[in-house]
Amino acid sequence: MAKTITNYFEELRRTRVWRSVFRSGTGSSTLHRALAVQQNVFLHLFSTKVRTRMLSFSTTWYLGTLTFGTFLILVGTGIPLMFYYHPSVPQAYADTKDLQFVVSSGLFLRNLHRWSAHAMVFLVFAHMFKVFYRGAYRPPREFNWVIGVILLLVTLLLSYTGYLLPWDQLAFWAITVGSNIASAVPVMGNKVHFLMLGGNVVNANALLRFYVLHCMILPLVALLFVAVHFWRIRKDGGLYAHQSEPRTVTAEAVPAAAKGGQFQ
Amino acid sequence: MTDPTSNPMSDPKDFIAGMDSNARKSPTRVVFVTRRTSAQVKVTDEDQVQTYPEVLFRAIVAIEALTIALVGVSLLFNAPLEGIADPLHTPNPAKAPWYFLGLQEMLHYFPPVVAGVLAPTLVVIALIVIPYFNINIEAEGLFLKDRRRRVLIFYLAAAALSVFLLAFDVYVALVPTLIIAGFMLLAVQSSPQSASAFRRYLAAKPLSFWIMTWFLFELAVLTAVGTFFRGPGWSWVLPWRS
Chain W
1 MAKTITNYFE ELRRTRVWRS VFRSGTGSST LHRALAVQQN VFLHLFSTKV
51 RTRMLSFSTT WYLGTLTFGT FLILVGTGIP LMFYYHPSVP QAYADTKDLQ
101 FVVSSGLFLR NLHRWSAHAM VFLVFAHMFK VFYRGAYRPP REFNWVIGVI
151 LLLVTLLLSY TGYLLPWDQL AFWAITVGSN IASAVPVMGN KVHFLMLGGN
201 VVNANALLRF YVLHCMILPL VALLFVAVHF WRIRKDGGLY AHQSEPRTVT
251 AEAVPAAAKG GQFQ
Chain F
1 MTDPTSNPMS DPKDFIAGMD SNARKSPTRV VFVTRRTSAQ VKVTDEDQVQ
51 TYPEVLFRAI VAIEALTIAL VGVSLLFNAP LEGIADPLHT PNPAKAPWYF
101 LGLQEMLHYF PPVVAGVLAP TLVVIALIVI PYFNINIEAE GLFLKDRRRR
151 VLIFYLAAAA LSVFLLAFDV YVALVPTLII AGFMLLAVQS SPQSASAFRR
201 YLAAKPLSFW IMTWFLFELA VLTAVGTFFR GPGWSWVLPW RS
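Line order of the protein sequences matches chains W and F. Going by my numbering, the first sequence opens with residue 1, and the numbers climb by one from there. Going by my numbering, the second sequence opens with residue 1, and the numbers climb by one from there.
Since the hints were derived computationally from the structure, they do not count as laboratory data. It cannot be assumed that every hint is accurate.
[To be verified] Pairs of lysine to aspartate or glutamate, DMTMM-like flavour, derived with a Cα cap of 20 Å:
no.: 1; chain 1: W; residue 1: Lys130; chain 2: F; residue 2: Glu138
no.: 2; chain 1: W; residue 1: Lys235; chain 2: F; residue 2: Glu218
no.: 3; chain 1: W; residue 1: Lys49; chain 2: F; residue 2: Glu54
no.: 4; chain 1: F; residue 1: Lys95; chain 2: F; residue 2: Glu218
Nothing here was measured: the structure is a model prediction, and the numbers come from that model.
In isolation and in its complexed conformation, chain F is listed as follows:
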């Protein structure tokens, strides 16, 4: 630094180039604005609030309301507690926790490796890959584009699934499938120009919506059936007749 010739600033050429910085250690970004143009940033401003205190306050109130509700439930209803665990005395039916009763319902129809291992594994994989497929990201109505081919595929898929469920006597899963297929048929008949708002809504729904809604419906129906409508030997019972 003491030698004036080693200072790049002293050399007018180096100064103009301005490229003496080590890009690996201190990258330098330079913007050139030419005489004829100006940089214009296009971004819409949106109303924002501070996280502290606004958002945190609302979160705390929400959690408090939930706590009050759960405390109320806990004061009114006791958690179940049966006799001590007895490996020699099997209750009939022996039920898993409620969130696994959909699975247990499927185990009634399919071999364990299918209903207990394959199906849940596929569901988890399907959930994980959702955001990585463009078909789930472009939210276009399923039957709005390439209509004839898609309607044909829908008919084939719905028929194949129904026949499969029928072959294994899985009426519990068949009914929700047929109901969703019915709504999809309505979507086929609808368009963004339909007179009814509901039909316009159906017409705008993409494939991912239909698959997820079918899954949600099956999950709810199977879990409810397993929880409330299954008795000794996994036979049909009515929950109000114990």
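Pulled out of the complex, with its shape left as it was, chain W reads as follows:
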């Protein structure tokens, strides 16, 4: 029989090096497939089995998966963008111009980063409403819904801090409009505004703060909460399936006579 790609893959999984990296071992039995998930630090966030019904597109529209997909694209495009970018005034704008006109594929990188960012904000909202209309926030999933709300806010902050980085008119005035809202906070509005921008107006300090938040702090916070969000799906009994929640396992007293009296 001709060797298939699967055969080659199985052979690869048997090699000493592969075995040293992955703990799950070889084989395509149900046990090994379960171990491939359970014995992997990243995959163990997920359950080893999923109800078949949950895979149909109409159930979730894959919105959570797609949101995570945009996050991966944003990390993948964001890191190369950082190589070409200085968070200083007016260098930031010059760097963005260079990305448009000088850097190889710089225009494409920036386009993909920006459109993916918009897509992520949209998908996070869509995911939230889909989860709501499915009723998937119901106990025992209350806290995962709360984590989802936190992730919504983190996503908005990520997008908002990234908005300033090109340092063009669009960026500058969008952040000015947005940050002025912070001044309206009762009692400590001006202090909040100052803390946010590192000054009374949007300036080089604000750019540096937004850069650090955008490239370092907020992605780490997002990743942390995403991990908890995924893990809680497993811990809370898998994706919510309407009308087929794992029912309470009830022990029912059945008269022995009715069962043929095998305990007699």
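Starting from the known structure of chain W, arrange chain F on it as the hints suggest.
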């Protein structure tokens, strides 16, 4: 252990009791099945698939399709880039990112502390507490139980909200409110025995559905208006006439 008298197993009484385990360190669970009954587990089995490879494969395909779509968009449309930031030259209108334009639209009507601080804070709190209230968990049609009182409260709430929005000239938010209220009126007139499927659907919808749908509708309308229909001085413009 060498002394046979210290071994609990050697004493038939201790053995029968079987309670020599330290519950704090090693809790022991014992099930007693009496002669007359048997334990029967009632649980429905559902078809399941392995996460690896089935589910992961589908997730990867979904993400790949998304990536292809976004790459296509990125090849066709360039991200906007205007002139260098100039604090002395304010564009008119100065707009926030699109997802905040609903907020900016509200800022046009209400003082910043209301539209910019109070309203978003309340929205976030409202979202967080959704799963902690039984009213959001029991999915019963809003007007199916305690009908007269609930219809009265609905009329009062809808009227109060409409008058409030009218008083501040917020027609942009008033129209979606009236449309949702119209559907709720239809729900009042409907029941699970209604002839039309749509009416049965409306009759079965709980309070949380109506509030969330109203919120989603307002969010979509306000964001769309702020994005496409607002020009210099936040005046009405048509997007196709720039």
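Violating hint indices (sorted, rising): 2
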